[in-house]
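*Asks:* Sequence:
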Amino acid sequence: MDTDLVSQVVDIAQRVVASGAISANGHGNVSVRVPGAEEMYFTAAPSLRNHPASAVVRVGLDGTLLEGE
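For the sequence shown, the working numbering assigns the number 1 to the initial residue and increments by one for each residue that follows.
One should not assume that every hint holds.
Distance windows between CB atoms, simulated [unchecked claim]: (1) A45 with D4: 30 to 36 Å; (2) G60 with G20: 28 to 34 Å; (3) N25 with G60: 17 to 23 Å; (4) T3 with G36: 26 to 32 Å; (5) S54 with N25: 27 to 33 Å; (6) A53 with A21: 17 to 23 Å; (7) S7 with G28: 17 to 23 Å; (8) D62 with A24: 31 to 37 Å; (9) T64 with I12: 28 to 34 Å; (10) A18 with P46: 26 to 32 Å; (11) R33 with A53: 17 to 23 Å; (12) E69 with G28: 24 to 30 Å; (13) D2 with S23: 25 to 31 Å.
Don't read these hints as lab results, they were simulated from the structure. This one's a predicted model, so the numbers in the text were calculated from it and none came from an experiment. Cβ atoms here follow ideal geometry from the backbone N, Cα and C, with glycine treated the same way.
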């Protein structure tokens, strides 16, 4: 996986939580589309609060899991 894109997803998740833009339980998702590719990086944990980099997955735009769990 592209560690820079994973870091961006985690950073955005932290910013969303800090801004109060989501419910107090932290439920929500963040995704970043990969430039020039038919794929994106997506938060795969139940909450954006303290979202670990290990819980970011790479998926195709059709929903196919490409990397991660």
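*Asks:* None of the hints should be skipped; say for each whether it holds.
*Replies:* We went through each hint and held it up to the structure:
Remark: the range hint 30 to 36 Å for A45 to D4 is contradicted by a beta-carbon distance near 20 Å. Checked against the hint of 28 to 34 Å, the C-beta distance between G60 and G20 comes to roughly 32 Å, which is consistent with it. At about 29 Å, the CB distance of N25 to G60 disagrees with the hint of 17 to 23 Å. Distance hint for T3 and G36: a CB-CB separation of about 18 Å, inconsistent with the stated range 26 to 32 Å.
For the pair S54 and N25, the beta carbons lie near 21 Å from each other, so the given range of 27 to 33 Å is not met. A C-beta distance of roughly 21 Å is found between A53 and A21, which places it inside the suggested range of 17 to 23 Å. As the Cβ distance of S7 to G28 is approximately 18 Å, the hint placing it in 17 to 23 Å holds. Here the CB-CB span from D62 to A24 is close to 33 Å, well matched to the stated 31 to 37 Å.
Hint check: T64 to I12, Cβ distance near 23 Å, so the stated range 28 to 34 Å is violated. Judged by the Cβ atoms, the range 26 to 32 Å given for A18 and P46 is violated: they are separated by roughly 19 Å. Distance hint check for R33 and A53: the Cβ-Cβ separation is about 18 Å, which falls inside the suggested range of 17 to 23 Å. In this structure, E69 and G28 break the distance hint of 24 to 30 Å, their C-beta atoms being roughly 19 Å apart.
A hinted range of 25 to 31 Å holds for the C-beta pair D2 and S23, which are about 29 Å apart.
The structure does not agree with the numbered hints 1, 3, 4, 5, 9, 10, 12 stated previously, though it agrees with the rest.
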